[in-house]
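A.B. asks: Once you've looked at the hints, dock chain W against the given chain G.
Those protein sequences? They're chains G and W, same order as listed.
Residues in the first sequence are numbered from 395 upward in steps of one, following our numbering.
Residues in the second sequence are numbered from 9 upward in steps of one, following our numbering.
Because the hints were derived from the structure by calculation, they are not lab data.
Backbone N, C-alpha and C fix where the C-beta goes; we use that ideal spot for every residue, glycine too.
Treat the hints with care, as some may be off.
Straight-line alpha carbon distances no greater than 35 Å define the calculated DSBU-like cross-link-like pairs of lysine-lysine that follow [stated by the list, open to error]:
| # | chain 1 | residue 1 | chain 2 | residue 2 |
| --- | --- | --- | --- | --- |
| 1 | W | K44 | G | K480 |
| 2 | G | K480 | W | K426 |
| 3 | W | K423 | G | K480 |
| 4 | W | K44 | W | K401 |
| 5 | G | K443 | W | K599 |
Incomplete in silico selection of chain G near chain W, CB under 8 Å [unchecked claim]:
| # | residue |
| --- | --- |
| 6 | Y444 |
| 7 | G490 |
| 8 | T493 |
| 9 | R494 |
| 10 | E505 |
Partial chain W-side listing against chain G, Cβ under 7 Å, derived [said to hold, decoys possible]:
| # | residue |
| --- | --- |
| 11 | K84 |
| 12 | T1073 |
| 13 | C1120 |
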Amino acid sequence: MEEFEPTIVAFVCNWCTYTAADLAGTARMTQFPNVRLIRMMCTGMVDPKYVIKALLAGADAVLISGCHPGDCHYINGNYKARRRVKLLQEILTGFGIDTRRVKLTWVGASEGNEFAETVNHLVNEIRELGPIETRELMVV
Amino acid sequence: MKKTYGALVVGAGVGGIRAALDLAETGQSVALIDKKPNIGGILTQLDYQFPNDHCGMCKMLPLTERDGSSQFCMRKGLFHRNIDIMLSTEVTALEGEPGKFMVTLRKRSAFVDPNKCIGCGKCSEVCPVKVKSDFNAGLTKRSAIYLPVPHNIPNHYVVDLDNCLRCWQCYNACPTGAIDFKFEERQGFHILVADSDPKTFEDMKDWLQDQNFPLRHVFDGDAAVDALADQSRQVRILFLDMGLPGSDPEKVLRRGLELNPDLHVVLMAQPDQEQAARELAGQGAKDVLLKPFEPKRFVPWLDKLYMRMMSDETLDLDVGAVILAGGFECYDPGEVGDVLGYGREPAVVTSVEFERMCSGTGPSNAKLIRPGDNKPIKKIAWLQCVGSRDLKKKADYCSSVCCMISIKEALLAKKLTKGEAETTIFYMDMRTFGKEYERYRQNAEANDGVKFVNARIHSVVPADQTSGSKDIKVLYLDEAGRLQEEVFDLLVLAVGARPPVGTKELAEALGIETNEWGYCKTRYFTPSRTSAYGIFAAGSYNGPKDIAETLIQSGAAALEASRIITIYAPLTERTPEPQPEYRNVSRETPKILIALCTSCPILEQTVDMDSLVARLGGLASVAQVAKIGSACTKPGWEEIEALADKHSPNRILIGACQPYAYIPKLRELGQTIGLNPALMDVVDIFTPTAARQGEDKGAVEREVFSALSMASVRLLGADPTPLPPATQVTRKALVVGGGLAGMTAAMGIADHGYAVSLVEEQETLGGQAMNIRYTLNDEDPVKFMEDLIDSVQKHPNITVYKDARVVLSSGRAGRFTSVIATDQGAVSFDHGATVLATGGREANVYDYGFRVHKCVMTQRELEDQLASGALDTSALSGVAMIQCWRSRDEGRSYCSRVCCGQALKNLLMLKKRNPELPVYVFYRDIMTYGFAETYYTQARKAGAVFIRYDLKDKPKVEFEDKVPVITARDPILQREIQVRPSLLVLSGGIEPNEVSDLQEMFGVEVNADGFFQEAEYKWRPVDFLKQRLFMCGLARAPGNMSETIASAKAAAQRAVRILSEMRLTSGSVIAEVRHSLCSLCGKCISVCPYGARSLDLEQDMILVDELLCQGCGACAAVCPNSASLLRGFRDQQVLSVIDAALNGLNYGRARAAEPETATQTEGGES
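Only chain W is shown next, with the shape it has when bound in the complex:
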């Protein structure tokens, strides 16, 4: 059956997940596919992330309608009611146009029935294959039947058919018969051998006798055609000999494909016929086999071919838009032989391998020991730019993330060794260009003692060949050109990014262009659009990015996709899924149904089921205890539904395995039987039994009983009253700031049909972007801005207030009222979401003769003069540029990110106009991240001189006859140099605009540098902590026009998410107040991290904003009167769970306070 989705997201790493969630939250249905058998992309392998050096993926999950998605660690898995996840799936073809694409997908089978696999691992134990584990970056081995990610849910084994030996041992070992090698089905799978040589057939028949295939033989072409036409025994595979008499092979092939387009034709050729066979293969034959065949290779080959043909699926989908989020691959230093001892020395590893070594799920359980000899690692070196910024490896780009990864890894090594590890990072430029990067680097250097050495390691040799020690000696030239050597325990190669494997094929299938490095091509002003309309690039698909920018890019892609779907296939045409209606059971006495899944044979082997059922039946309010087949299969689930129908319980408890996997099912069950899923629970009864097979039955039974009784009392105490009603949303947005970011965000929201008020302080729109006259990549920013301003002013949904300010804003989530002061008087505006895009400006520091001498100017002024032609480049004798002029320095610990690009842009323009003009650039680290690196290469080729300086030893500027004299120390020449240029150009960097009034009005915060503080650096990069408020542009962080556009679109998408629904509901775990007990002390208000609580002075009560509340329970713990409580975790629930927990554990000793009866009384209170 053909399914229809709003969008298809290709790639389920964090970029793809973000795009999928963004769309799903606006009510669009999304198909999320990945070619790997697991979601999470590279993040499944990286446990620790800058800047807090831990994970935080769960912060991506939706904040409203939390019950519609999973509410647990995203490393375990993800589900959302609007997202269908399809793994091991790839796009093979695409047709149609935006709004109605027809996509063909190929889903590779895992050969394991997920409904039967219980994850016991017996198959993996018997598998004779051992190949490198992808999950552990090759540091450990795995079998051919394996768990892709050990901690994913659902956790089913998959068969890696490419490495499988077809020995069938796993098939025999599986206790539940979950492995499906389609043995019976082989009888209907006809194979025809067309060969005049009877031996070929006799051999095949002989070899394949265990394989259960019906084989037929014909001796000439005409007989082959007749056999192919026999519909009752339709041939699936045709072995066609090139030397067949009668009808020639070409005719047979053509006729065969006419009769059955899916016929798999294998051409058999003698070595001298190979050429002809290859030519024929182009006409529809799938394979060419050279005679003679080897049974050892032929039989598994045919078996695998059969498995793929029978088990792989082809899916056709109709989708409105396509988002590509294939991420990136890591460069493999082993691909071109010996790079710095990698592969030869066990002490040389890649950064991904090092991450695995630090991981708790890695090869050494987070112990830092060296692969090969298990020596504890104490002295580690990192080498940057392995496979990046390397012309020889055709990678003249910066991978953008490796510098930060290495600093993080150095800190991680310090942490794992309790500060003992000595860490040195060898680098070319430390690219700490992102928000908070520079401060992180400074702290690592100053507080944690990470050593930074500006040098390139050129070779790695064993430290001491005679002793057999695996230590290595690295050789490098220091900046002064002296040869240095140092011994290390480990060298980590900071490997760069490469476009994902298969990008070229996918690009061809979809008809999109790639850039010269093989990444998806996007334009500067449309950073999320590919060259094909309706197909968008998310995450790092158009160039390597860190997590925060990956998510921003994904948000932007989601906005574009959502716009396409809105325009071409409006949401209104589809009937939205109705909100489930649950019956009100608050007046019923609690009635619990307990269903125990017995699909796993281990449960009944380890536990006396009758006794368990009897004990469970004795629990308070348990009305029925039933054993069911297998809860994870459809019949099993129907059993539960039937039980629920028959007994109409108002609480349901299911004992099964992998509770996480049941969350969507409980939701469905709730809809079918009209019971709130908050009154249902699934308990893991499998883990205690599996881990303790062969132990005393009584002990295991106690464990299982205890787990179930704890859940049962918790359900008993659950609040059955319906959730608070949904909140009405005002479907309008306020955008503060009419620069590039503000206008882009306003357009994004307005294009979705929502009214936007755009407030700009100045008399004209445009902001800082109006100062940009040309770009590095020959785009026309002036025209772009003119067009954008024009579209904004003409847009029917946008009201522009120029020369205006927001003076007042108040209200609750989803319903704000703001007052805008304009020259026409005050205007009041109701809105549901707010985007703050207040921008920044070029920082001016009056130093180095700036504003004293005419020959000193900023990069922006130089750009202006170059663009207007006011500057005569031929009259110049030389130009000096000083980078990081007061950036990354005291009082401004951040990189302004755009200055290096701007300097290169002006430098290349100067050189274009006057190639002989000497240009000197004094720099600290050239921040040409991503594809901007190539302009740095061009600048050096053009003859510009780059001179590095240290913060300790800045260039000195004096003036002689109004000519600047710059004195600096050249680290390469190791001496002082002097330059007397006719122009001195300074890179001042970006400062955010002053926003203290907005801070107070909207209750938002700024970081130490004055930029807006996001809710989470990485995972919520455009959200304020206070919901419904979003940020973008320079007010968030410095960035070029392309990055500003991306962040504005991401912010707009977040706003659209709020506005897309008339009503928003909270999650089922939410704080409440028992007003009769409340003393209005206000402790809960100050403790709430989300500002969800407020004191209503008129009613004299504490109110909870059910949309802002995220259910953390901090208020419940702090309340001195137990007046504040958290649904699902009310005091009596938790207290009775504690009792049940201790009741179950009785190790034959008297307890001081005996709570035998507590369960009954406290549990019954609700």
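The following block holds chain G by itself, in its conformation from the complex:
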């Protein structure tokens, strides 16, 4: 069997992290190819069902990333995301999913390096964690 390569779905906000990801891409900073970016307008619109869906459909981790606190284009969407992710992490723990598999970060538009680092760090972390063993628990 091949070495485990994690698959990560990243929900990024249109204003900050998507720009940072684009910057990281165009500036050719090192990036792992196993991340799939999904652009959302705001982290505040990332419905928990999207995260669960991604984990169910085969993602080994989900990254949600948006503007820094106080900096949301939509005033407070990132705070909404923060509360939601906290709760979601607790619920997912009940299904045997490590909280590290749902990660929330703030990456501003000019922080392409920060985005690359976040992704690299997460990929390494999930490599160590291995695949999700308890996925079927979530299927009701």
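C.D. replies: Same frame as chain G, but now just chain W:
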């Protein structure tokens, strides 16, 4: 072809962008130019801004008709349907009059064809030139062919011809042939050498043989004239020797210019002929070259001259008005040699360099390490007022922004070092005069441990010369005059502002005046007007300002410009661009066209195109997959149009590079083929290929396929039903408050032809400004106010309600109804926009014997007595003034901003009348920001004594025989002093008026100090969070008359923007409700940050105000029934995108839940 614009905006920093957007949003066409090759001005270099210490530029973007402009990070770029951006462009001449100016622009070429450049960077790699990077403030090097801002879109390389060596290596390295050095065209570029010495010509011919120029030679003046007259081989450059026999050089020059006014004449002179040549140069010759020539310098010089002549463009525009927004430059401490070790010690940097060091796109990837030895920085000092408030450097003004920048940088350093950094700010006065500034400073000091030291560093030496350490020791005198020294890792010089380079030349070209410091001159009561009618100053062009005030100034300039255009070239004369009509495809089955751009050779090298096309063709609803030439060029785009015509798809997906750059193009395509651009998308297929050249073809193909399939399913699920209809706007405005701000705003709106109702609580108009009797700069405020009141009362479009109040207001965006209670009864008024200008008042604190002793008065009362002559200054034995009397103190954490200026105004008046009169000013920080600093200098020269006090140790006031006795500690003398003046004058500061009724009525908020809370401190300074409501004047923040006028005009401009259109449309990303699923729980109403949702009790349904909704999707995420949804991001769209994303990534391992078929089924649901 000559183009016509409503306005020309010179300078594309945030000030220029704001002015351009303000005008563009009212439907005016705008040409936005900048002499730099990028937009954004200095803000491109500053990533973090007070008060939330991050960026927020995107909040400047329009809130309605969002599809008309870019909807992404403004650091990437900007586009607006009414704005044409021209970079590397300068104004060279202006003629005409307001309403019809003829402007000549010069556009410097970048020598890189933007249609061919793919941004691969190969040119930059081979370039042998290394010069200091402007973007990184000189901390890194760049090549002569470079990206001006690495993250801008479109991201094309430009050639810096001044530093180019003309080695042509980049030309050979470019894979797409984008670099255009015009080699072939040289054959038609005739050069004539007129010199009796054959050697000159032989040398030139020899040196230039690779350059491909046709060279000709004549030996005397008459032959030269004949050669110049030969039209078939028109000479472009004439080398004219000063010692030419026959017709003398002057005649040849004159004849040559007659025959061809564009002839470039280069005079060749022996050293002894230089004087004569320079004189002749004044008659039309462009250059003087001294013999003998050096081939090493001559050949590149001629080559560059040719490049400029061939590639630079001259553009002529007709414009209605001109707005200047050139911003400011930062003072360069290196310009006069060694200032505090700058340039000598790597540990001494400027504030801009420090910003770059903190930036993720900076030299050290946001790691705080010292330039030179990469030592982690732990101990940092800031020194304020470097190049500002400095008579020796001819800068007797305050740069207004550096104090806040330094506090922000100190906090940034704390953040980047996780609180470890020790930060000390050495200052003269901490000028925290703006809204929320003082609180920010207090928090920095109290909560974050930033140290503030009132002292001036006088020298910087290496800390330890023997060890080779780059640490520095700073020496300063503390307030008591003791010599102190301290070792730091880094010293940041808070460099002041300077007028932008070229201001003088531009001022000459436009015929406007500059002030004594070289900034554009504006008058106190017309802060946005230059000395030439029809030309306006925006942003910090008339003096350094922070972002919020820059935007206010720009708004005011935009209003003035818009007024000029309305008066002299009314909008009605032009046919407005029709709203695009899209065909309704909601009843068609989805049919996707995928077009892949193959212009970049790397794609075909890294990906098996046939296999990719076949796989894409297998995706649900994909009708056609086509390869096209280059999507970014006109022929490529025509290919797409032809494909769209042929297959008539109802969804179009384009795989190309730099998707951001395609947004305006998609809009155009939508208009041409009648398809809503919301049903089109562009996916970046270049980045995955470029970053991973040489990797396994299959892996790269998976990446590209995945990106395209994700976008394809997203398009498949897009809602094809047409957008909600446009909202009708009531084209009238309500202005609450009849003071200076309210009246100015009302005039601004009414001058545009819209009806305004002005409601004033008092029986007279005028408000607080009526108390101002004279100003620091000898203007006449009394006459100004009388004239303003007169114009307001006579204005046919303004209805004034005095002794009246607004008692009720309701309605939706663009259509409000308010009820005004007057002494004649209630009046109902429909309006589309509202300006709240409820003003403020002088705060009175009954303390220090105020209202007990007659000799104690406020500054306003003193002004009154001085103006009326009631006060006999010769009878006074002394005057004491106490500043910050309960300002910037407990319960009032803000600076009232006007008191220091007011105190100086009265002080100078006292001194003018009685020069011998002793005046003592007890102050904490003198807030004479901007050009007011010069009056502080005058006051000190006049002999006034300024004594600083601390909040901990306030002056004590007692009274002996009704004479005030003020006891305070003098920090310089280090002892207690006592003053017994005959007058004690207190600066009470400004308090906002009580607005709780309006708060409830209009649903607006006030900040902790009672001033109106703006939507965003910096980026939307006169907007309320609730749209269509604007604020100005003292109700927004303390300010002098000039600042109040500027804010009122900015607010008026925002209102005009709403009223200028009959109908407003929303953006295509907008929230909707599926009423059949909605349980009316109301969660979406409370979660909406814009108040766009409401419960209609009559219909029993949740309504979305499509103009207020900004499409954040918070409501969709919170809805428990999935009844609330966001267009473009509906649940099934996002869920199928997730499936597509995971489908593409398959690393050869079994997944627990296999969603192979999910894409098909869920995608097909729509």
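A.B. asks: If you draw a straight line from the CA of K44 (chain W) to the CA of K480 (chain G), is it 35 Å or shorter?
C.D. replies: Given that 35 Å is the threshold and the Cα spacing comes to 46 Å, the pair is violated.
A.B. asks: So, as I understand it, the hint says K84 (chain W) touches chain G; can you test that by seeing if any CB pair is closer than 7 Å?
C.D. replies: OK, holds: K84 (chain W) within 7 Å of chain G, min 6 Å.
A.B. asks: Using Cβ atoms only, decide whether R494 (chain G) comes closer than 8 Å to chain W, and label the hint accordingly.
C.D. replies: violated, 18 Å
A.B. asks: Tell me if Y444 (chain G) is really an interface residue toward chain W, meaning its C-beta lies closer than 8 Å to one of theirs.
C.D. replies: holds, 6 Å
A.B. asks: Does the CB of T493 (chain G) sit less than 8 Å away from some CB of chain W?
C.D. replies: Violated. Min distance 19 Å.
A.B. asks: CA of K44 (chain W) to CA of K401 (chain W), is that 35 Å or under?
C.D. replies: Within the cut-off at roughly 27 Å; holds.
A.B. asks: Tell me if the interface restraint on E505 (chain G) is satisfied: Cβ within less than 8 Å of some Cβ in chain W.
C.D. replies: For E505 (chain G), the interface hint holds, since the closest Cβ of chain W sits about 4 Å away, which is under 8 Å.
A.B. asks: Please verify that hint: G490 (chain G), Cβ, nearest Cβ of chain W, below 8 Å or not.
C.D. replies: violated, 12 Å
A.B. asks: Between the alpha carbons of K480 (chain G) and K426 (chain W), is the straight-line distance 35 Å or under?
C.D. replies: With Cα atoms ~23 Å apart, K480 (chain G) and K426 (chain W) stay inside 35 Å; holds.
A.B. asks: With a cut-off of 7 Å, does the beta carbon of C1120 (chain W) approach a beta carbon of chain G closely enough for the hint to hold?
C.D. replies: holds, 3 Å
A.B. asks: Would you mind confirming whether the straight-line C-alpha gap from K443 (chain G) to K599 (chain W) stays at or under 35 Å?
C.D. replies: OK: K443 (chain G) and K599 (chain W) at ~29 Å, within 35 Å.
A.B. asks: Regarding the hint that T1073 (chain W) lies at the interface with chain G, is the smallest CB-CB distance below 7 Å?
C.D. replies: This interface hint is violated because 18 Å lies over the 7 Å limit.
Of the numbered hints stated above, those contradicted by the structure are hints 1, 7, 8, 9 and 12, listed in ascending order.
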